[in-house]
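**Q** As given, the protein sequences belong to chains E and X, one line each in that order. Residues in the first sequence are numbered consecutively from 1, following our numbering. Residues in the second sequence are numbered consecutively from 480, following our numbering.
Treat the hints with care, since some could be wrong.
The following label-pair restraints were derived from C-beta to C-beta distances [to be verified]:
| # | chain 1 | residue 1 | chain 2 | residue 2 | range |
| --- | --- | --- | --- | --- | --- |
| 1 | X | Glu937 | E | Gly205 | 52 to 58 Å |
| 2 | X | Val909 | E | Gln148 | 25 to 31 Å |
| 3 | X | Asn487 | E | Gln148 | 36 to 42 Å |
| 4 | X | Gly512 | E | Lys72 | 20 to 26 Å |
| 5 | X | Lys908 | E | Asp246 | 56 to 62 Å |
| 6 | X | Pro943 | E | Gln148 | 23 to 29 Å |
| 7 | E | Thr228 | X | Leu901 | 51 to 57 Å |
| 8 | E | Asp12 | X | Asp725 | 54 to 60 Å |
| 9 | E | Asp471 | X | Gly512 | 52 to 58 Å |
| 10 | X | Ala747 | E | Arg10 | 32 to 38 Å |
| 11 | X | Asp725 | E | Asp246 | 24 to 30 Å |
It is worth saying that the hints were derived from the structure and are not from the lab. Note that beta-carbon positions come from the ideal geometry of N, C-alpha and C, so glycine has one too.
Number of protein chains: 2
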Amino acid sequence: MELHVVINGRKDLAGQLYKQLREAIESGRLAAGMQLPPTRLLAEQLGISRKTISDIYAQLTYESFLIGRVGKGTYVNARPSKTLRKQNACELASADRIDAWRALQSPLPDPTLTGTVKREFVGGATSKGQFPHDEWRRCVQYALRQMQRSIGFYSHCEGLPVLRSAISQHIAFCRGVVCQDNDVVVCNGTQQALDMISRVVLEKGSVVAVEDPGYPPARLLFASHGATVVGVPVDQEGMRVELIPDHTRLIYVTPAHQFPLGMPMSLARRTALLHRAEALGAIIIEDDYDSEFRYEGLPTDSLQSMDERGIVAFVGTFSKTLLPELRLGYAVLPPAILEAVMKAKQFMDWHTSTLPQWALARFMSDGELQKHIRRCHGIYAGRRERILSRLNGDLSPWLEAIHTTAGFHIAALFKHPIDLKLLIELSRKVEVGLYSIEGFYYQQAPKNGLLMGFGSIETLDIDPALDRLRDILLQIDER
Amino acid sequence: MELHVVINGRKDLAGQLYKQLREAIESGRLAAGMQLPPTRLLAEQLGISRKTISDIYAQLTYESFLIGRVGKGTYVNARPSKTLRKQNACELASADRIDAWRALQSPLPDPTLTGTVKREFVGGATSKGQFPHDEWRRCVQYALRQMQRSIGFYSHCEGLPVLRSAISQHIAFCRGVVCQDNDVVVCNGTQQALDMISRVVLEKGSVVAVEDPGYPPARLLFASHGATVVGVPVDQEGMRVELIPDHTRLIYVTPAHQFPLGMPMSLARRTALLHRAEALGAIIIEDDYDSEFRYEGLPTDSLQSMDERGIVAFVGTFSKTLLPELRLGYAVLPPAILEAVMKAKQFMDWHTSTLPQWALARFMSDGELQKHIRRCHGIYAGRRERILSRLNGDLSPWLEAIHTTAGFHIAALFKHPIDLKLLIELSRKVEVGLYSIEGFYYQQAPKNGLLMGFGSIETLDIDPALDRLRDILLQIDER
Numbered sequence: 001m002e003l004h005v006v007i008n009g010r011k012d013l014a015g016q017l018y019k020q021l022r023e024a025i026e027s028g029r030l031a032a033g034m035q036l037p038p039t040r041l042l043a044e045q046l047g048i049s050r051k052t053i054s055d056i057y058a059q060l061t062y063e064s065f066l067i068g069r070v071g072k073g074t075y076v077n078a079r080p081s082k083t084l085r086k087q088n089a090c091e092l093a094s095a096d097r098i099d100a101w102r103a104l105q106s107p108l109p110d111p112t113l114t115g116t117v118k119r120e121f122v123g124g125a126t127s128k129g130q131f132p133h134d135e136w137r138r139c140v141q142y143a144l145r146q147m148q149r150s151i152g153f154y155s156h157c158e159g160l161p162v163l164r165s166a167i168s169q170h171i172a173f174c175r176g177v178v179c180q181d182n183d184v185v186v187c188n189g190t191q192q193a194l195d196m197i198s199r200v201v202l203e204k205g206s207v208v209a210v211e212d213p214g215y216p217p218a219r220l221l222f223a224s225h226g227a228t229v230v231g232v233p234v235d236q237e238g239m240r241v242e243l244i245p246d247h248t249r250l251i252y253v254t255p256a257h258q259f260p261l262g263m264p265m266s267l268a269r270r271t272a273l274l275h276r277a278e279a280l281g282a283i284i285i286e287d288d289y290d291s292e293f294r295y296e297g298l299p300t301d302s303l304q305s306m307d308e309r310g311i312v313a314f315v316g317t318f319s320k321t322l323l324p325e326l327r328l329g330y331a332v333l334p335p336a337i338l339e340a341v342m343k344a345k346q347f348m349d350w351h352t353s354t355l356p357q358w359a360l361a362r363f364m365s366d367g368e369l370q371k372h373i374r375r376c377h378g379i380y381a382g383r384r385e386r387i388l389s390r391l392n393g394d395l396s397p398w399l400e401a402i403h404t405t406a407g408f409h410i411a412a413l414f415k416h417p418i419d420l421k422l423l424i425e426l427s428r429k430v431e432v433g434l435y436s437i438e439g440f441y442y443q444q445a446p447k448n449g450l451l452m453g454f455g456s457i458e459t460l461d462i463d464p465a466l467d468r469l470r471d472i473l474l475q476i477d478e479r
Numbered sequence: 480m481e482l483h484v485v486i487n488g489r490k491d492l493a494g495q496l497y498k499q500l501r502e503a504i505e506s507g508r509l510a511a512g513m514q515l516p517p518t519r520l521l522a523e524q525l526g527i528s529r530k531t532i533s534d535i536y537a538q539l540t541y542e543s544f545l546i547g548r549v550g551k552g553t554y555v556n557a558r559p560s561k562t563l564r565k566q567n568a569c570e571l572a573s574a575d576r577i578d579a580w581r582a583l584q585s586p587l588p589d590p591t592l593t594g595t596v597k598r599e600f601v602g603g604a605t606s607k608g609q610f611p612h613d614e615w616r617r618c619v620q621y622a623l624r625q626m627q628r629s630i631g632f633y634s635h636c637e638g639l640p641v642l643r644s645a646i647s648q649h650i651a652f653c654r655g656v657v658c659q660d661n662d663v664v665v666c667n668g669t670q671q672a673l674d675m676i677s678r679v680v681l682e683k684g685s686v687v688a689v690e691d692p693g694y695p696p697a698r699l700l701f702a703s704h705g706a707t708v709v710g711v712p713v714d715q716e717g718m719r720v721e722l723i724p725d726h727t728r729l730i731y732v733t734p735a736h737q738f739p740l741g742m743p744m745s746l747a748r749r750t751a752l753l754h755r756a757e758a759l760g761a762i763i764i765e766d767d768y769d770s771e772f773r774y775e776g777l778p779t780d781s782l783q784s785m786d787e788r789g790i791v792a793f794v795g796t797f798s799k800t801l802l803p804e805l806r807l808g809y810a811v812l813p814p815a816i817l818e819a820v821m822k823a824k825q826f827m828d829w830h831t832s833t834l835p836q837w838a839l840a841r842f843m844s845d846g847e848l849q850k851h852i853r854r855c856h857g858i859y860a861g862r863r864e865r866i867l868s869r870l871n872g873d874l875s876p877w878l879e880a881i882h883t884t885a886g887f888h889i890a891a892l893f894k895h896p897i898d899l900k901l902l903i904e905l906s907r908k909v910e911v912g913l914y915s916i917e918g919f920y921y922q923q924a925p926k927n928g929l930l931m932g933f934g935s936i937e938t939l940d941i942d943p944a945l946d947r948l949r950d951i952l953l954q955i956d957e958r
């Protein structure tokens, strides 16, 4: 690797080099702190004498563009750099399309932009303190050894065989999913699973039915593929299947733990959904995002295990059981779309990075995932119990919890109209992070309610947080 | 996490459980070797007495469905499992679209399917033996510590700030790219970079101009977005810019090291290309896939650095400098599309896995990447010299090397027609892996030639391999 310098002809080599280095530093292209190549190397590279290069370095050092560090080399000195951004100066043929993308709602705000507060009821965040770092580190070591043995080329587009096998066992065991290792495609979280399936199923104008309220990143993704997305209302049994429009090609549901409201889809509704989809020739995506955590009642079958027609794609993630930033998920695909989806994955990014894949496969086969889920389950059950007992207790004049059996968030609706924006604002001032369910509604009129995640809040923080919530609710009532 | 068992009502609990466990094992859903939950846990879960569960386990053990391991627990016994695959039994509304995907050519064959031979001239494979595993391991340890400190939520969609900064310094230093940290989007290799840009620039029917011969995964990806892909012939100066069709919206080029032929794009052609793109309002993708390795002549500017209109997207990868299976690459985007592409990345998979991102950032900031590139550069230069001297020597009656200054492959054209399939077949028999350039041609008539990668073959293997090639060529001539 060489310093990028362009020398034209053999005239005034020193002058050319001086000018270029100075310009590169002034423009910020060579940033403060960067080390310049040793004079010997640059001399070789450019075919200029070493003496000339030394002189130029000395000159630039004298002008304080460079700084020498004894025994270490020559570095770019700290200076304010000019802005480098180029402005587009011609009309792009794709301007409309680019503008449309720019105008698209962002699927979720950048988490690092929203400052988090001490007691966070944010949804989707995992119990970070519980993460078994030592066991994970051991599995990553194993992953590194595996990679050391690999051939130094690309890996399997559908995922490492050992991980596909671990996943198929895991979901057979705890979710009753009927599959073989070969039906599993490893991908970068649920979002990519939805994208892969969308690619092979949707065209411009295809109708997609989603739960309303529902999971915005899914809806927005389908829309970005040019689909016409229809929000189908939900009731206490889940999606109102009879309202799925004709010509629907793809149906996206969260049967185990409706997102965001939380109720499981009833057995009758599941059966009706499968029949409706079959009649339409539609593919169903079953997003089983967090149902490894189940607290009460007897487990219901996954839709996938009830499907005898091969129309359900079961999608899961390790963002909820492990860590979102690992970006590992999977899709279990019916034969009709398996091959096409594997090809789409290849087109999209070849395959998922093998380092986290190897580590996760080991983590699962060592039983660490099961252990971790069991540990978190115990903790989440306690947190959930605290929240429910408060919602059914001193918070019951204002809030009503929606019945739910799984996951790590609870939705609660307000019994009377309330200025939710004010409530959220006041809560943040006392370090309580609350989140409205309003943004999850699409074509249906939004209800007033809260999505209360308990993955991230510490158990001991729940009561103090809900005390504060109660005080603020009392305070708002008095206004 | 619990074993998935569905109990209906309170009648014959033991019978129901027995039947379900047996079915689950017979069908293979509970695979051989899986551990069953301790009786106490399953009893709690199902609200059945522990004694009942013990009896069922005992019965199934007696029937050899289960096996008890003293002090360890109860496991599923090894038995042949029935196939579980469901067949699709209804006509899908998206059948045509799915078929179209299925019919798409696979961008590259699965590397693990093509058996590799001892002396491989395969392109794109890196020098695995050179990979600095110890340094990389140290950086992965650092990555694990960073993740331990993270908030347990999603990370930045555009990549870790520290990695974006390391990349922008790296490409400013060695490729003269003019950018700020904020112009860089980290992604899963070049393939995802192309996909992100395609998403925001292309619509069904958009015209895309590619080099012909060129890089098939790029062409196929553009086509999968519904674009009309036009192959523009190349000559010794690169893409014949005057043949880029009207209404072209996206132009894909490899100026530093044309893929697959290897010649750099001339300065005149670069200037013409920028003017043509500006007149068309087209975005240019500059795929700079392996030009960190440069062997002769003075460096030419990257197209990106010559662009004053903000129409060039510079795309690079760590698949060539480090390891393909890491799946790490980046795009440096002009302001006109930066925001839209960042949003597309978010829709596609949120962000790239942070574990390899942290590790790479550290690897770069510690100077390990530079060191590694320098080390490989020396090795590749030697291999390249060997191949060129043979091509210009005893292989010159048959082959002519195309002039190239960078990368780690050389293309060579046959001077006379030859049965290339036979040559490749005979070579494989003597453990020499050769590859035709034919598959890289699209709309132009293919030439007879070889793509000779030297990333993976050991230096000492080159001469013996080329001896064999020569012998086979002589042998074919004699027929």
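**Q** Confirm or reject each hint.
**A** For each hint, the structure was consulted:
For Glu937 (chain X) and Gly205 (chain E), the hinted distance range of 52 to 58 Å is satisfied, since their beta carbons lie about 55 Å from each other. A beta carbon spacing of about 29 Å between Val909 (chain X) and Gln148 (chain E) agrees with the range 25 to 31 Å that was offered as a hint. For Asn487 (chain X) and Gln148 (chain E), the hinted distance range of 36 to 42 Å is not satisfied, since their beta carbons lie about 51 Å from each other. Hint check: Gly512 (chain X) to Lys72 (chain E), Cβ distance near 56 Å, so the stated range 20 to 26 Å is violated.
Take Lys908 (chain X) and Asp246 (chain E): their Cβ atoms lie about 60 Å apart, and the range 56 to 62 Å holds. The hint said 23 to 29 Å for the Cβ distance between Pro943 (chain X) and Gln148 (chain E), and at roughly 27 Å that hint holds. A C-beta distance of roughly 54 Å is found between Thr228 (chain E) and Leu901 (chain X), which places it inside the suggested range of 51 to 57 Å. A hinted range of 54 to 60 Å for the beta carbons of Asp12 (chain E) and Asp725 (chain X) is inconsistent with their spacing of about 43 Å.
Against the hinted window of 52 to 58 Å, the Cβ-Cβ separation of Asp471 (chain E) and Gly512 (chain X) comes to about 55 Å, which satisfies the hint. Taken as a hint, the range 32 to 38 Å is violated for the pair Ala747 (chain X) and Arg10 (chain E), whose Cβ atoms sit roughly 21 Å apart. Taken as a hint, the range 24 to 30 Å is violated for the pair Asp725 (chain X) and Asp246 (chain E), whose Cβ atoms sit roughly 41 Å apart.
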